[in-house]
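A.B. asks: Here the protein sequences come in this chain order: A and B. The end of the first sequence is residue 197 by my numbering, with every number in the run present. The end of the second sequence is residue 1027 by my numbering, with every number in the run present.
Bear in mind the hints are in silico, worked out from the structure with no lab data behind them. Please note that a few of the clues may not be correct.
[What the hints assert, rightly or not] Cut-off 27 Å, straight-line C-alpha distance, at most; resulting in silico cross-link-like pairs (BS3-like, lysine-lysine):
(1) A:50 - B:825
(2) B:825 - B:700
(3) A:35 - A:185
(4) B:867 - B:648
(5) B:867 - A:137
(6) A:137 - B:774
(7) A:185 - A:137
(8) B:810 - B:648
(9) B:813 - B:700
(10) A:137 - B:700
(11) A:168 - B:700
(12) B:867 - A:193
(13) A:137 - B:810
(14) A:185 - A:67
(15) B:648 - B:813
(16) A:168 - B:813
(17) A:137 - B:813
(18) A:137 - B:778
(19) A:67 - A:19
(20) A:185 - B:810
(21) A:168 - B:648
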Amino acid sequence: MHKNHQISATVLLRNHQVILNGKVIFEVAKDLELSVFLKACYQDLEIDYAKFYKMDLLSKLGFIASEYLAKDQKLNSETALILQNSAGSLETDLNYQASISDENAFASPSVFVYTLPNIVLGELSIRHQLQTENAFFISEKFDASFLIVYLQNLFSTNKANAAICGWLDLDKEGYHVFLSLITQDEKGKALTAENLKENYE
Amino acid sequence: MQQKPAVHIIDDEIIAPLGWGTSANLAQIKQRQTAIKKHKVSAENFYYAALFEEEKLQQNFDQLSFSTAEDFTKLEKLFLLTVHHLLERNPSINLEETVLIISTTKGNVELLEKAENSIPEKSKLYSLGKTIQKYFNFKNEPITLSNACISGGLGLSVGKRLLEEKAYKNALVLGGDVVSKFTRSGFQLLQAMDSEICKPYDKKRKGINLGEATAGVLLSTEKQNSIIQIVGEATANDANHISGPSRTGEGLVKAISSALNEAHLEASAIDCISAHGTATLYNDAMEAQAFGRLNLQQKPLTSYKAYYGHTFGASALIESILSIKSLQQNLLFPSLGCDEIGVEPALNIQQNLENKELKFALKTASGFGGCNFAMIFKNLKYA
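The whole structure should be built from the sequences, with the hints applied where relevant.
C.D. replies: Given below as structure tokens:
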């Protein structure tokens, strides 16, 4: 569909594994807490970024996934960030709600700030210095066809020339993260809804 | 580059404590009337906000023949009413060629107060789209977005982008949020609320007031009788801070520049601005910096926050509608609450209702997560 844009890398976080371009490159025991998995990933990435420790879990998931995606390259400065999920910021919403419902709990403004799903887009923008198009969509299931049309418009109007897009979901049941890096690289998979969906199911 | 179809504004609706329907809202704005009042939480705890009278909302809702078997939330009722009014006035619209886009920051978050072990399905933001889809038989899967305070404006961008790609002929863009303990307590914790009616761009501004509202805009690639077209729009992140704006307005400058670029316009072509103007110290200062950098500081500028409070998912959509009304009626609407300018460079705050020929209107918004939005509307009367 897009002559010039390809899916140049994909990352999947699931069952405490990091799967980069189809290969498991890091994993920890499945019975560990999500926060332990994320911290282990952070150490595996050998990065020094103190802001990571202040993030909520949704932002940490997005941060870790995009660090793996961008590991061996600097992102193009016109990389749009277009994410979807089903639960919004529900995990942090519940934490914040619990803190205002319980008179003995301490409600924190820094937790409240994370009760918006697009905060992770801000975190990624800061990390990669991207002053670019951002949007966070909420749908029951991953909607690859919509993403394709949306990206087609961003690229054809020169509002972006690359993108990180995909699914970043977290709720009580667990997490499911699948991000793609879309660039104008020669190598990669064709940017189609089928290819975007391939690793989602 | 392939020519993209033009996107026209067909109809609009605002349901807010300020007024029921867009015209009722305009009547209030022309009279400089605010809907913001003092509301008590407890003996010592009060706040200023623009809130619906529950009785009036219920009366209006009862006039519709929705199934009473379902227990609708306040936000659902407001959205259903908004869509009802728009579809009633536009009976020829083919829903098979129409995409529904819903912008909200917190949806039915108040349902979490009663959530014990299970998460109520309606606390998921996409459930709003399902409810509306079901009651009006929209054929296409609704699109929901949640992008902080730019959500309502971004909804218009998303609609325009999908129509440009010929994915649909029409887009019905909705934006809405209601005030809950969740948001009220959060903004109290952030110490971001004024203890009186808010004062956008004023020296003594101290923060926002909360507000609740829904709004809707019908977009189409078929011009019909429309005289307003979206000619440029963009978003851009500050890449600076998650809960405070860039001091130099980086993202806002970039969003406006990109929208101007798409419209093939110089900044000097803009006739009026409907700005974000939340009345927080940092937001208003940031906007002044950004407008100054683009040499837009002399343009007549209005903030509507002292009429509506900050209605989050609805705000940028309501304020876009007011830009559209300015163009349609050749009227600049008064900004409330700025007695002494308190931003640098000084902005040209529109103080009175004024007749003026207006060709291009700029709408901007900024929000948490560092997001910024800009959109330019063109009045085809002067094309």
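A.B. asks: The structure should be examined with respect to each hint, and the outcome stated for every one.
C.D. replies: To see whether the hints hold, each was checked on the structure:
1. A:50 - B:825: Holds - the C-alpha atoms of residue 825 of chain B and residue 50 of chain A are around 25 Å apart, at most 27 Å.
2. B:825 - B:700: Holds: residue 825 of chain B and residue 700 of chain B sit about 21 Å apart, inside 27 Å.
3. A:35 - A:185: With a Cα-Cα distance of about 31 Å, the restraint between residue 35 of chain A and residue 185 of chain A is violated, given a limit of 27 Å.
4. B:867 - B:648: The given pair, whose Cα atoms are some 14 Å apart, holds under the 27 Å limit.
5. B:867 - A:137: violated (34 Å)
6. A:137 - B:774: holds (13 Å)
7. A:185 - A:137: Given pair residue 185 of chain A, residue 137 of chain A holds - Cα atoms ~22 Å apart, limit 27 Å.
8. B:810 - B:648: Judged against 27 Å, a Cα distance of about 8 Å means the pair holds.
9. B:813 - B:700: violated (35 Å)
10. A:137 - B:700: Cα-Cα ~37 Å, so violated.
11. A:168 - B:700: With a Cα-Cα distance of about 38 Å, the restraint between residue 168 of chain A and residue 700 of chain B is violated, given a limit of 27 Å.
12. B:867 - A:193: Violated: residue 867 of chain B and residue 193 of chain A sit about 36 Å apart, past 27 Å.
13. A:137 - B:810: It holds: about 23 Å lies between the C-alpha atoms, which stays within 27 Å.
14. A:185 - A:67: At roughly 19 Å apart (the allowed maximum being 27 Å), residue 67 of chain A and residue 185 of chain A satisfy the hint.
15. B:648 - B:813: The hint holds at about 12 Å.
16. A:168 - B:813: violated (39 Å)
17. A:137 - B:813: Holds, because 24 Å separates the two Cα atoms, which is no more than 27 Å.
18. A:137 - B:778: Between residue 137 of chain A and residue 778 of chain B the Cα gap is close to 18 Å, so the pair holds against 27 Å.
19. A:67 - A:19: Since the Cα atoms of residue 67 of chain A and residue 19 of chain A sit roughly 15 Å apart, the hinted pair holds (cutoff 27 Å).
20. A:185 - B:810: Roughly 25 Å between the alpha carbons, so the hint for residue 185 of chain A and residue 810 of chain B holds.
21. A:168 - B:648: violated (43 Å)
The structure does not agree with the numbered hints 3, 5, 9, 10, 11, 12, 16 and 21 stated previously, though it agrees with the rest.
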